[in-house]
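J.: One letter stands for each residue in the lines below.
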Amino acid sequence: MRELVILSGKGGTGKTSITAAFASLAENMILCDADVDAADLHLILEPDFKESLDFIGGNEAIINPEKCTQCGRCIEVCRFDAVSFNDVRDTFEVDPIECEGCGVCVDLCTEQAIDFPKTICGQWYISNTRFGPMVHARLGIAQENSGKLVSLVRQEARKIAKKNNLDLILTDGPPGIGCPVIASIGQATAILIIAEPTVSGIHDMERVGQLSKHFNIPAMVCINKYDLNLDQTEKIETLAKKDHIAVVGKISFDKIFTEAMIQAKTIFEYNKASQTSVEVRQVWDNILSLPKFNKPVTNNIMQHL
Amino acid sequence: MIISIASGKGGTGKTTVATNLALSINQKLQLFDCDVEEPNCYLFLNPIIEKKEPVIAPVPKIDLEKCTFCKKCMDICRYGAIAVLKKDVLIFENLCHSCGGCFEICPENAVIEKERSLGEVEHGSTRGISFIHGRLDIGQVMVPPIIKKVRSYTDPDIVTIIDAPPGTSCPVIAAMKKADFVLLVTEPTPFGLHDLKLAVETVRILGIPHGLVINRAGLGNDAVKIYAQKENITILMEIPFDRKIAQIYSKGEMVVDQMPEYKSKFQGLFEKIKQFVEVERQNL
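In order, the protein sequences belong to chains U and F.
Per this note's numbering, the first sequence starts with residue 99, numbered consecutively.
Per this note's numbering, the second sequence starts with residue 259, numbered consecutively.
Misleading hints may appear alongside valid ones.
Calculated pairs, EDC-like style, for lysine to aspartate or glutamate (alpha carbon to alpha carbon, straight line, at most 16 Å) [said to hold, decoys possible]:
#1 LYS348(U) / ASP329(U)
#2 LYS311(U) / ASP395(F)
#3 LYS372(F) / GLU351(F)
#4 LYS330(F) / GLU366(F)
#5 LYS344(F) / ASP321(F)
#6 LYS407(F) / ASP179(U)
#7 LYS435(F) / GLU196(U)
#8 LYS435(F) / ASP193(U)
#9 LYS324(F) / GLU366(F)
#10 LYS330(F) / ASP205(U)
#11 LYS406(F) / ASP329(U)
#12 LYS521(F) / ASP480(F)
#13 LYS436(F) / ASP193(U)
#14 LYS435(F) / GLU459(F)
#15 LYS435(F) / ASP205(U)
#16 LYS455(F) / ASP480(F)
#17 LYS436(F) / ASP179(U)
#18 LYS483(F) / GLU496(F)
#19 LYS436(F) / GLU196(U)
Ranges between beta-carbon positions, derived for each pair [to be verified]:
#20 MET517(F) / LYS390(U): 40 to 50 Å
#21 ASP265(U) / GLU311(F): 45 to 55 Å
#22 LYS509(F) / GLN308(U): 19 to 29 Å
#23 LYS509(F) / ASN263(U): 20 to 30 Å
#24 LEU328(U) / GLY465(F): 39 to 49 Å
#25 HIS312(U) / LYS286(F): 31 to 41 Å
Here are a few chain U residues that face chain F, going by a calculated C-beta distance under 7 Å [claimed, not checked]:
#26 GLY110
#27 ASP138
#28 VAL175
#29 ILE275
#30 ASN327
#31 THR356
Just so you know, the hints here were simulated from the structure itself, not pulled from any lab data.
Since we're looking at a predicted model, the values are computed, not measured.
Glycine is no exception: its CB is placed at the ideal position from the N, C-alpha and C atoms.
So here's chain F without its partners, still in its complex pose (with noise of 0.2 Å):
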């Protein structure tokens, strides 16, 4: 079963609920940190990266004695990452989406592909949990192959946390598609339902079920609420405002170990999610 966990806004608390839950469930799982621009699972959770494996991209590279200058790898490109001048080809490898064109199209075999690199993916373990991660690297804009690579070692058998990335585009969707179900954590504030209302229109967009979790409830004004009753979204837990848990979260704790009693509560969580998923599965 894979569990996404998504918000629309930035900071909404994505990261404490899917580190929190890891830790809480007692059953074989995987996490996987999807936000690869800004990854911070494992500052909570201080796995034992045993592994790291570079995610490459190919970029081209011509092979100017073959070369006619046609210009045809120029025309193809849709990225402008490809400049043909008379005795010389320009390449702008922060352009160049790696889509292969250029290398399809040149009838002299003149396009060499070479490997550039996007970022990277550490495996490691912590308090029983496999964990995995991605890391863009600094300058670098391509962020889907990333969050695939690492969704790429996903275990069917067991259940998998997806910490995925805010906003509503590619990434985004590159760390919902084909989960079993999405959790959306939101605050009850303007900025945060307005964010919601993306967050929803897209895992529907998608056709995925999902749930609600109200973090820093008691904060802001009941919108939230009354919009989830609106649209039919359960509100499966709410965590209260509460300057303690804030302060847990700064020093990089977890709240299950400075607060027990939460870990019944995200067992809680789990238990629903599941029930959720189960009643899904029984529809389709």
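Here chain U stands alone, though its shape is the one from the complex (with noise of 0.2 Å):
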């Protein structure tokens, strides 16, 4: 089993598109939604979900005004500025948005008056589409523990992989390079970097870079819209070589991936003898055919964070 984990550092550069695109070629594989926060891959593969749970994603702290003796104790402790006290009301109050969960007011209230019940932080569900199975989530609004959703996502591919005989899972990952980041690439066979040729996305892309040498994950870059910006594209290939990550191709400035998605296919549904399908046909046999890319994954992700 292997999977390929999509990023970029920046967002809108293509991630999404282009892993619905590997879909429509990829053989025996599940597809893993690791974008939480704001995941778009079910509007072009607009899925048939067949499962769909609760996430439990952590506590949160209630204060019970009838036992509260107001000593002020947990405004003290909290180190998240989450709990104040309300003049209206003339009660002490937890922020449900500042509350991180971590329970120390509850733990040390000396009159034991805050409640920490679990909360639903989210949906994840189990999909058929017509590519193959698929996972993936939505985190609520103002939630924590985008990281923990990320991983339970992932987690769940891997089961149903397994069970299924399936020897790739394909994961649209997050932006950015933080914590949801973070959780979508440990144990991954390699990440592909989708880059744009532009200063923002070289910067991105250079912190992505980065970010996969720390957790010693194998990178690989994509240029997408490369002709946007010949000079920036060439930079790009300059910095991948200076850093050992394979560059696995280019891809065209192209109207064809909105206009596909506006249709809910992907480019090759759309239009599958187009310049730019072609392109990305080349950049997925390119991917295949990379030495770093046919080292199958473990079963462990890390569950922590």
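Both chains are given apart, each in its own frame, so use the hints to dock them into the complex.
T.: Put into structure tokens, the structure is as follows:
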């Protein structure tokens, strides 16, 4: 079993459109949408939801005003400034948006006046698509623990892949380099960075490159919209070479991605003869032939984020 | 007045709007780049950095001379960052959320808090703008403390423009909270619309007045406009889908410098936001 995680650092470089295009080409595969904050892959793949499950992400502190003696200990110990005194209601309150769910106030309250119920922070789904099974999720608005949910969907994708003898997991990653991104790459076979030839695209690609090095996951680069700026494209190629990152191909700046998206199609379903489709197919063939992409993954994902 | 620029989806043009807006307003302002995972504003504005400071958070260190291995620190830690063994205590710094529970609960005062770096904040100036941004260290996960640090320099007497990160979870909240106005930037595509809806839900939970900029107008379809109308969200500006703008951006240049006609358009955007905020204030 292998897992390819598609990242970019910068948002909007084409991660999801390209992941969907690969889904058209890959065989014996499961899809995993690890962008749980703003998942979009389902808009093209229109999954048929088989199971919908709650994501219990953590706990939330709630002060019981009947037991509270207003001693102020919770305000003192909360490092996230989540507890405050409400003058109008004459009660101590926890702001659920600021609360990290650390439970320190709960454990240190001398009156045991703080409840700590588990919270549903989102939903996750097991679905079928026309290209194979898919595991995806939706984190609730303003929720914490996106990394935990990412780990969960990846773990479930692995279970299904193992059970059904699927040998590839195609994971659409989140933007950035923080908590959800780190959760999306642990134990992956390789990372594909979708870079765009812009100053910000290059800057963000370099940060993802550093992250892949930090966690020792092999990375490769695909340049999307390469003809937008050929000087910057060359720069990406030079930088990649310096860092021993393979450039697996270049894709044109083409409205076909948007046109296909509007019809909920991959670019191959929309027009498989287009120049851009030929380029994407070449990228996919190049990835499959890379030696570093032919090492199987282990079964265990960091569950701890 | 604090204007936060957000989107849900990444790559819709937040940084383009934030930087060009900042260069178009003829009054004193500060620009905060709060996309600390991937800060990009400085690439376009080239500020002279005058000051750098680390953003740190405490992690526990155990004084084994005092420790009785009672495991209270391990029990209070909900992140699995502490493992108490028979004669040793292991700390997993990457899992620590710096909640201070172990420090508070230890009956022997054997938990010492030491500092670790989460990232850094840089202060500078460029073209009359006071500029501050944060940058997360590679491999670190705690983003909100860096955003909060940047925002601690808010000057209430001038305009503050915040370039927010994409998404809808804790980093975005940290960049939007207590803003007077959230300017949502989207593109007229199915992905843009889907993520705009999430961003609108987020600003509504926070109760912040908001308006919309449609970037790359002409690409895609009308669904964003229809949605905005139905939800009563004002479209404050449209930036057309134009390869020339994409090329200017790709080189790290400013639209208002290369296409000066945009300066008045961004000034118009600012005036509309100002009126919006004033009307809201009067309504309170």
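J.: Evaluate each hint against the coordinates.
T.: Right, here's what the structure says about each hint:
1. LYS348(U) / ASP329(U): holds (14 Å)
2. LYS311(U) / ASP395(F): holds (14 Å)
3. LYS372(F) / GLU351(F): With Cα atoms ~11 Å apart, LYS372(F) and GLU351(F) stay inside 16 Å; holds.
4. LYS330(F) / GLU366(F): The given pair, whose Cα atoms are some 11 Å apart, holds under the 16 Å limit.
5. LYS344(F) / ASP321(F): holds (15 Å)
6. LYS407(F) / ASP179(U): The given pair, whose Cα atoms are some 14 Å apart, holds under the 16 Å limit.
7. LYS435(F) / GLU196(U): Cα-Cα ~10 Å, so holds.
8. LYS435(F) / ASP193(U): holds (12 Å)
9. LYS324(F) / GLU366(F): Holds, at roughly 6 Å.
10. LYS330(F) / ASP205(U): Distance ~11 Å between LYS330(F) and ASP205(U) Cα, so the pair holds.
11. LYS406(F) / ASP329(U): Violated: LYS406(F) and ASP329(U) sit about 37 Å apart, past 16 Å.
12. LYS521(F) / ASP480(F): Violated. LYS521(F) to ASP480(F) sits at ~26 Å, over the 16 Å cutoff.
13. LYS436(F) / ASP193(U): holds (14 Å)
14. LYS435(F) / GLU459(F): holds (14 Å)
15. LYS435(F) / ASP205(U): Cα-Cα ~28 Å, so violated.
16. LYS455(F) / ASP480(F): holds (15 Å)
17. LYS436(F) / ASP179(U): Roughly 15 Å separates the two Cα atoms, so the pair holds.
18. LYS483(F) / GLU496(F): holds (11 Å)
19. LYS436(F) / GLU196(U): holds (13 Å)
20. MET517(F) / LYS390(U): 40 to 50 Å: holds (44 Å)
21. ASP265(U) / GLU311(F): 45 to 55 Å: holds (49 Å)
22. LYS509(F) / GLN308(U): 19 to 29 Å: holds (24 Å)
23. LYS509(F) / ASN263(U): 20 to 30 Å: violated (49 Å)
24. LEU328(U) / GLY465(F): 39 to 49 Å: holds (47 Å)
25. HIS312(U) / LYS286(F): 31 to 41 Å: Given about 40 Å between the Cβ atoms, the range holds.
26. GLY110: holds (1 Å)
27. ASP138: holds (5 Å)
28. VAL175: Nearest chain F Cβ about 6 Å off; hint holds.
29. ILE275: With a closest approach of 5 Å, the ILE275(U) hint holds.
30. ASN327: holds (4 Å)
31. THR356: Because about 5 Å separates THR356(U) from the closest Cβ in chain F, which is inside the 7 Å limit, the hint holds.
The structure fails hints 11, 12, 15 and 23 (numbered hints given earlier, in ascending order).
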